[in-house]
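Undergrad: One letter stands for each residue in the lines below.
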Amino acid sequence: MTNLLTTNVLKKFQRNFVFYTSARTSVRGLFVGFVLGIFAAQLMVISLPLQVMDTTAIIKQSGLIEFIQKVEDLGIFQEIKAAHTGDERTSTGPDERKRTTRRDRILCWVATSPKTHSRAQLVRETWGKRCDKLLFMSSKRDEKLPDAIVLPVNDTYENLWGKTQEAFRYIYQHHLNEADWFYKADDDTYAVMENMRHLLLKFNASAPIHLGFKYKNPEVTQGFHSGGPGYILTREAVRRFVEIGLGHNNVTNSANSSGSSLCVPGHAGLEDFNIGKCLAKLNVTTGDSRDEKEMERFLPWSLEDMICGHLKFPGSWFLRDWSFYPLKKDMECCSPYAVSFHYVKDYQLKIYEYLIYGLRLHSRSF
Amino acid sequence: RILCWVTTSPKTHSRAQLIKDTWGSRCDKLIFMSSIQDDTLPDAIILPTVNDTYENLWGKTQEALKYLYIHHLEDAEWFYKADDDTYAVIENMYYLLSGFDASTALYLGFKYKNPGVRQGFMSGGSGYVLTKEAIRRFVEIGLPKLNSPQISHNVCVSGPKGLEDLNLGSCLAKLNVTAGDSRDKSDMERFLPMSLENMMCGNLNCPENDFLQQWAFYPLKTGIECCSPYAVSFHYVRDHELKIYEYLIYGLRMY
Numbered sequence: 001m002t003n004l005l006t007t008n009v010l011k012k013f014q015r016n017f018v019f020y021t022s023a024r025t026s027v028r029g030l031f032v033g034f035v036l037g038i039f040a041a042q043l044m045v046i047s048l049p050l051q052v053m054d055t056t057a058i059i060k061q062s063g064l065i066e067f068i069q070k071v072e073d074l075g076i077f078q079e080i081k082a083a084h085t086g087d088e089r090t091s092t093g094p095d096e097r098k099r100t101t102r103r104d105r106i107l108c109w110v111a112t113s114p115k116t117h118s119r120a121q122l123v124r125e126t127w128g129k130r131c132d133k134l135l136f137m138s139s140k141r142d143e144k145l146p147d148a149i150v151l152p153v154n155d156t157y158e159n160l161w162g163k164t165q166e167a168f169r170y171i172y173q174h175h176l177n178e179a180d181w182f183y184k185a186d187d188d189t190y191a192v193m194e195n196m197r198h199l200l201l202k203f204n205a206s207a208p209i210h211l212g213f214k215y216k217n218p219e220v221t222q223g224f225h226s227g228g229p230g231y232i233l234t235r236e237a238v239r240r241f242v243e244i245g246l247g248h249n250n251v252t253n254s255a256n257s258s259g260s261s262l263c264v265p266g267h268a269g270l271e272d273f274n275i276g277k278c279l280a281k282l283n284v285t286t287g288d289s290r291d292e293k294e295m296e297r298f299l300p301w302s303l304e305d306m307i308c309g310h311l312k313f314p315g316s317w318f319l320r321d322w323s324f325y326p327l328k329k330d331m332e333c334c335s336p337y338a339v340s341f342h343y344v345k346d347y348q349l350k351i352y353e354y355l356i357y358g359l360r361l362h363s364r365s366f
Numbered sequence: 001r002i003l004c005w006v007t008t009s010p011k012t013h014s015r016a017q018l019i020k021d022t023w024g025s026r027c028d029k030l031i032f033m034s035s036i037q038d039d040t041l042p043d044a045i046i047l048p049t050v051n052d053t054y055e056n057l058w059g060k061t062q063e064a065l066k067y068l069y070i071h072h073l074e075d076a077e078w079f080y081k082a083d084d085d086t087y088a089v090i091e092n093m094y095y096l097l098s099g100f101d102a103s104t105a106l107y108l109g110f111k112y113k114n115p116g117v118r119q120g121f122m123s124g125g126s127g128y129v130l131t132k133e134a135i136r137r138f139v140e141i142g143l144p145k146l147n148s149p150q151i152s153h154n155v156c157v158s159g160p161k162g163l164e165d166l167n168l169g170s171c172l173a174k175l176n177v178t179a180g181d182s183r184d185k186s187d188m189e190r191f192l193p194m195s196l197e198n199m200m201c202g203n204l205n206c207p208e209n210d211f212l213q214q215w216a217f218y219p220l221k222t223g224i225e226c227c228s229p230y231a232v233s234f235h236y237v238r239d240h241e242l243k244i245y246e247y248l249i250y251g252l253r254m255y
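Those protein sequence lines, which keep their order, are chains G and V. Residue 318 in my numbering sits at position 318 of the first sequence, and the numbers go up by one each step. Residue 74 in my numbering sits at position 74 of the second sequence, and the numbers go up by one each step.
Misleading hints may appear alongside valid ones.
[To be verified] Computed spacing ranges between beta-carbons, pair by pair: (1) Leu163/V to Glu178/G: 52 to 62 Å; (2) Asp210/V to Asp346/G: 17 to 27 Å; (3) Gln17/V to Lys115/G: 55 to 65 Å; (4) Tyr157/G to Ser98/V: 45 to 55 Å.
Just so you know, the hints here were simulated from the structure itself, not pulled from any lab data. Idealized CB from N, CA, C, for every residue including glycine.
The task is simple: from the sequences and hints, build the whole structure.
TA: In structure tokens, the structure reads:
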């Protein structure tokens, strides 16, 4: 049993370490080995009696997480992406990345439902695996999605607002300290996590802010973010939303259920509009997630519509009429550092994965 | 240098403009072969005496190659044929071709096996690339024999009808034009004849993929392994999808 747990924990760390080291120097390898050795020894001591101990708890206990965080801050371990020579598609070289020492943790939660659990699996196999933590929120567990988190909500499109509330409540209760940013996506969303991390570096993770594709609305002066490509909240935003917005603390004190909540009560309603409205009341600011050239990074409609919509919809068009910032046409619609795409259904998730991560461009060196 | 020639027809001339706006501009020379010129495609090359239908594709290919032989043989070393629902990655095509000798009689593409053509033949859908010598042999030797009433047995299938890719392949084989292996170092295919969804085929129900598995010359993998990181061309990329591929491949960058 002890060995099993040790290997499990070591495997979890190996995953992070392999990502950060490429055994470039033997000194680093030695260092890692030393750390792991000490850790393994510690584990032997605390591992009895065994039961089902939460791995994270053990690691926290031994202070290893803080230790690694410090080491990361020193920039010793670097992200090593496939640095293919002649590959023109990564825009930063390894040297530039050395200077990026801050690595916020992103928790991704995907809203799914029993009819589309197969999509959830595809998300897991493609972009989902690049999140620091990935959760699927549904109304049922089944063989296709055995680790779905079951929310106490009637799983219909009309009740999406209820689902969002319950999802954040769940995250608040169980995962609030596991991440700095909390990204909500649909199961037909495709996110480019590297570009998301790059975007987030511009913002203060401890501030009360949220990011996404901004729609304007007379009831929400600062705008609200589209639920389709998803939106990202800081930890403080989640805290305010659940504690104050949903009146969480009041709810748990059953004797004092004054039922006061700042957000629209009940489960029905447009989830993105409702959360946007509520966060505005909680003084959670909407950031500007466009790039330096003011091109959008979160893309709420299908790529075809984003690029060619101005031809397809010459008259009135919701996206154009209600987007907070002026919408650009054709290829300018979409930032080279786009963070997420919507309406990427089923197998298209794999196609995007291939076209974005699999396909390489060989540079013309002749 | 690569000359790209795209077969199109009046109904789909709008796709030609999209190709010009996307991958077509990366060819050294770009030519559209159709049956008429119109406002959407005023610079189409009109191929003579061919009824522009799917059944007559073989006739169209013959006329196209003849046209290239007469007017453009010196404009390039490689001649790439594509449909108007093809998306090509020209940089990767240069990379592929740099491994072959352009002065030989050679053609490349996605290879199908066929009992009548031992060396296999290239799928028309994902496009194929011919060397100058291959075109020369086809037009100088293959075509006359085709149309000559005196020859009792034809080197190439005569008349405009028939599967253009199979007929071309069988003809080139008889002319000793080699059907090369265009896979990458990991044996992954670079020319992709079916839509990406069918190439990967994760679902249980992919009749197109079953067809491929049966007739592909080399063993084919499914899932993301189907397709080389240095893929050269994609098929069934229609209309606005051309812009989507253009954005995802050339526009999107990874930080």
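Undergrad: Can you name, in rising order, the numbers of the hints this structure does not satisfy?
TA: 3
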